[in-house]
Structure formats: C-alpha cells, structure tokens
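Student: Please put together the full structure from these sequences, using the hints given.
First residue of the sequence shown: 1, per my numbering; consecutive thereafter.
It is worth saying that the hints were derived from the structure and are not from the lab.
Here the structure is a predicted model, which is why all the values come from computation and not from measurement.
Treat the hints with care, since some could be wrong.
[Said to hold, decoys possible] Straight-line Cα separation of at most 30 Å, BS3-like style, residue types lysine-lysine; simulated pairs:
#, residue 1, residue 2
1, 438, 468
2, 364, 438
3, 264, 117
4, 117, 71
5, 404, 426
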Amino acid sequence: MNKVHGLFLVAIFIIASTKLVIGQSLRSCQTRCGNVSIEYPFGISTGCYYAVHASFNLTCNETTKELFSGKLQVINISHSGELRILKSRSYTCYNSTDLTEGTFYTTTLRNFTLSNKNRFTAVGCNTYAVMTTTIGDRSYSTGCLSLCDSTPKENGVCSGEGCCYTPVPKRRKRFRIRSRRFDGETSVSEFNPCFYAFLVEEGMFSFSPSQDLQNLRNVTEFPVVLDWSIGSRTCEQLGNTSICGQNSLCLDSTTRTGYNCKCKAGYDGNPYLPDGCQDINECTTSSSIHKHNCSGSSSCENMMGHFLCRCPSGFDLNATNNSCMRKHKPEYYGWTQILLGTTVGFLAILLVVSCVQQKIKHRKNTELRKHFFEQNGGGMLRQRLSGAGTSNVDVKIFTEEGMKEATNGYDESRILGQGGQGTVYKGILPDSSVVAIKKSRLGDSSQVEQFINEVLVLSQINHRNVVKLLGCCLETQVPLLVYEFVSSGTLYDHLHGSMFDSNLTWEHRLRI
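Tutor: Structure follows, in structure tokens:
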C-alpha cells in the first residue's frame with residue numbers, strides 16, 4: 001500500500017513538472033549570456049526551456065560568455081522564429097604552382113533549418129563555389145562562378161567579378177560548402193592567393209576587392225539566419241492547446257512545419273509566456289515604432305491594445321494625419337441660420353402682437369364691464385348699501401367672470417328653465433354652494449333706479465315660500481340676478497302640475 005502511494009505521488013510530481021516546463025519558464029531562469037538575451041521557449045537550465053525538443057536547451061560558456069546550441073554559437077534569438085548563429089568560412093589557398101591548403105565543412109542542424117534570408121557567397125578570381133544540400137536520400141547542389149584577371153575597381157558590388165552569390169533554398173537542415181579554382185589558373189595568385197565560400201545573412205557582407213581578395217579581411221565567421229518553430233502541427237490542428245499566451249496569436253510557420261506565436265497589435269513582450277504580451281502605452285512610450293501619431297492639438301488616450309486621438313470641442317479629427325481641424329460648416333449653413341433667424345423673429349413678432357391684442361382685448365373688456373356696471377346702476381347700488389338704514393340688507397355683487405365660471409360658460413346642460421323674460425341657469429359658486437342665475441333677455445336702462453330699489457327690497461324678504469335673492473351681477477349688458485337654488489321644483493310645478501302628482505289640497509292652494 002505504501003509503495004502504491006509513493007508511485008502516485010511521483011506521478012503527480014512528473015505531471016506538474018511537465019506542465020511547468022511546457023507552459024512557462026521559471027522566474028529564476030538565467031535571461032542573458034554575454035550580450036545575448038535568452039527568453040522562453042529557449043533556456044539554459046531545466047524548467048527554463050520548452051522541454052518537448054532538446055534544441056531549445058542552450059548552453060552558456062561562463063568563461064567566454066558565449067551562447068551555444070550544440071556546437072552552433074548563437075548571437076541572437078527572435079520571437080518571430082529566427083535564430084542567428086556564427087558560421088565559419090570554407091577556403092582554398094594556392095601558390096604560384098599548386099594547392100597549399102584548404103578546408104570545407106558539412107553542417108547538420110538539429111531542429112533548425114536554413115532561412116532563405118541567407119546568401120551563398122564566393123570570393124575569388126577564376127573560381128567556383130558549390131553548396132550541396134541533402135533532403136532525405138537525395139542531394140541538391142547550387143553555386144556560382146567568379147571571374148577576373150585583375151583586382152576589380154568597384155567596391156560593394158558582388159556581381160560575378162571577384163565575388164558572386166546565389167540564393168539559399170529554405171528548409172535545408174544538412175549542407176556542405178566548398179570552393180575550387182579552375183584548373184591551370186595561376187595568374188591571379190599574386191593578388192588573390194585564396195578563394196572563399198561561405199553562408200551569410202543578406203546585407204551583412206559588402207565586397208571590398210582590394211582587401212577581400214587577399215585575406216577576406218581576416219574574417220573567419222559570418223552571421224547566418226536559421227528558422228525555428230514549435231512542434232510540427234498547425235494552429236488549426238492544435239486548437240487552443242498551443243503554448244501561445246494571452247493577447248497573442250498562433251501563426252503557422254511559413255518557412256517550416258509547426259507554428260510560432262506573435263503578440264497582437266498594441267501589445268509587446270514574450271508571446272510564448274501566459275502573460276508575456278503586455279499593453280503598449282503608445283501615449284508615453286519612447287519607442288519610435290509604437291509611439292502614437294497624434295499631431296497638432298489632438299491628444300493621445302491610451303486604450304488596451306490601441307490608442308485614440310482626441311480633439312477638443314469644436315474640432316474634428318483628420319484621419320489622414322490624426323490632427324484636429326475646426327468643424328467645417330456646410331454650404332447651406334448660412335441659409336439655415338438666416339431661415340432660423342427669420343422664423344424665430346417672425347414667431348417673436350406674432351407672440352408680441354398676440355400679447356398686445358390680448359392686453360387690448362382685456363382692457364376693452366374691463367372698460368366694457370365698468371361701463372355696464374355704471375349703466376346698470378352699480379354705483380347707485382354701492383352708494384345705497386353704504387348708506388344709513390341698510391344694515392340689514394345683504395346683497396352680494398357678483399362679477400361677470402364669476403358668473404361664467406359658475407354656469408360653465410352658460411352651458412346648455414345648466415339650464416333650469418326658459419321663459420319669455422329670460423333663462424335660468426344652475427350655478428355652482430367657488431364655495432360649492434348651488435344657486436339659480438337668471439339671465440334676462442332685454443333690459444330697460446330708464447328703469448335703473450327702480451331696478452336697484454327692487455333689488456334692495458327683494459334681498460330683505462325672508463319667507464319660506466319666497467325664493468331668496470342673494471345678489472346680482474351688473475357687469476353684463478343685462479343685469480343677472482342670483483337666487484338661492486330650490487331643489488323641490490317651482491311653484492308652477494306644484495300649482496299646475498298633475499292633480500295626481502300633487503299633495504297640495506285646495507285649502508293650501510287658496511292660501512298660497
């Protein structure tokens with residue numbers, strides 16, 4: 001039982017360790033060897049490199065501070081899938097009669113392949129160089145010829161006169177390089193004793209005839225670009241199981257099998273680590289590659305993975321150069337302003353005219369009410385009410401506006417009865433009391449004093465069989481009389497209604 005338990009713990013440890021070395025590097029990993037930066041998936045100790053393939057395990061010579069992958073000296077590692085190494089030259093030297101010394105080399109790469117960014121180059125007069133590559137059990141050769149009888153005059157040009165080159169096919173893992181002089185060619189030995197052949201990264205060698213034909217400026221190694229990738233499956237085949245971290249993209253390798261990782265636009269860092277790609281603050285970075293291009297009065301605002309150029313109020317962003325320009329007023333803007341101003345002015349005039357008309361109308365109505373009030377004896381009534389001997393007179397003078405509100409504008413639904421002398425309306429006063437308002441058809445202005453006297457007399461009558469006069473309105477053309485409201489009907493209804501509907505006896509009728 002203890003043995004099974006121990007095996008179980010060992011299995012858990014192995015699984016955890018495998019996940020660690022496959023998925024991420026340790027914080028304690030060495031990140032430099034001399035001048036070369038080392039980042040995952042490469043590393044120089046256990047747990048620091050992508051353990052699926054040993055080619056990612058590098059070695060640092062602590063004495064010379066040189067980095068190696070096997071026997072290859074590494075001088076640079078790129079996240080994009082490129083690794084630069086130093087590779088020695090092949091040469092052949094002659095005296096005036098025969099071969100004195102020479103060397104050629106055969107190189108076998110492990111999990112790397114030659115990049116087509118290299119050039120196979122030969123330097124020498126009347127010489128040829130051959131590069132033989134192997135794929136499976138088949139060999140392929142390529143090379144170039146260099147001819148000259150004297151030292152070429154033009155520097156920096158490798159055109160077949162003293163120097164030649166040819167492109168290098170990609171995806172080659174094993175190659176051999178050698179150079180030879182044409183048989184019998186000894187006339188150039190004095191100024192060109194040796195012939196050279198080498199691989200070199202494009203742009204990293206410039207031909208100098210006077211120096212290179214003598215001893216190649218004593219340069220023995222040249223930078224060569226190799227391609228590397230993760231695994232042998234495509235991103236589609238892997239799905240989401242690649243080792244690419246957050247904010248990164250999985251890209252199928254274009255130079256070999258497998259894939260590489262790349263940080264998304266707006267992010268930078270190591271895409272092979274879980275959180276290796278971090279947001280670039282384009283607004284504050286000093287990098288000319290990632291720095292924002294907001295110009296003029298536009299201001300930069302950093303966003304996750306990108307940035308925005310903002311313009312102040314009243315300005316629009318010019319997408320061509322990310323500068324701010326004042327908002328353009330459309331051609332119809334002036335006419336719109338004129339039309340809007342005209343409309344507002346016209347409406348203002350209408351409003352002023354309407355207000356003036358309302359004020360004039362109100363003033364006319366006020367003056368007309370005053371005229372009717374005086375015409376109907378309003379002044380006389382007020383004088384009588386304020387005089388001596390009228391302390392027991394209780395007459396209320398109503399306004400025309402109050403009568404309109406009480407009768408809902410003399411609505412037909414408020415009519416209680418109609419006769420030859422006028423119409424009686426049911427009215428409701430502001431204190432909710434119900435009254436009967438009599439509106440006469442015609443008035444006699446010569447009987448004003450008699451009318452006022454009758455109002456004063458009627459207002460003093462207080463009998464249960466006589467409807468009480470509460471007041472009057474003198475602001476209309478014909479005075480209005482306001483009586484108390486009797487809900488049990490009129491005297492006419494009781495006296496002249498159906499005999500079967502009335503409870504009045506003949507005695508009561510005669511008494512009334």
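Student: Given the hinted pair residue 438 and residue 468, is their alpha-carbon gap at most 30 Å?
Tutor: holds, 13 Å
Student: Between residue 117 and residue 71, does the CA-CA distance stay at or below 30 Å?
Tutor: The given pair, whose Cα atoms are some 22 Å apart, holds under the 30 Å limit.
Student: Would the pair residue 264 and residue 117 pass a check requiring their Cα atoms to be no farther apart than 30 Å?
Tutor: holds, 25 Å
Student: Given the hinted pair residue 404 and residue 426, is their Cα-Cα distance within 30 Å?
Tutor: holds, 11 Å
Student: Residue 364 and residue 438 were given as a pair; does the straight-line alpha-carbon distance stay at or below 30 Å?
Tutor: holds, 25 Å
Every hint from the earlier list agrees with this structure, and none is contradicted.
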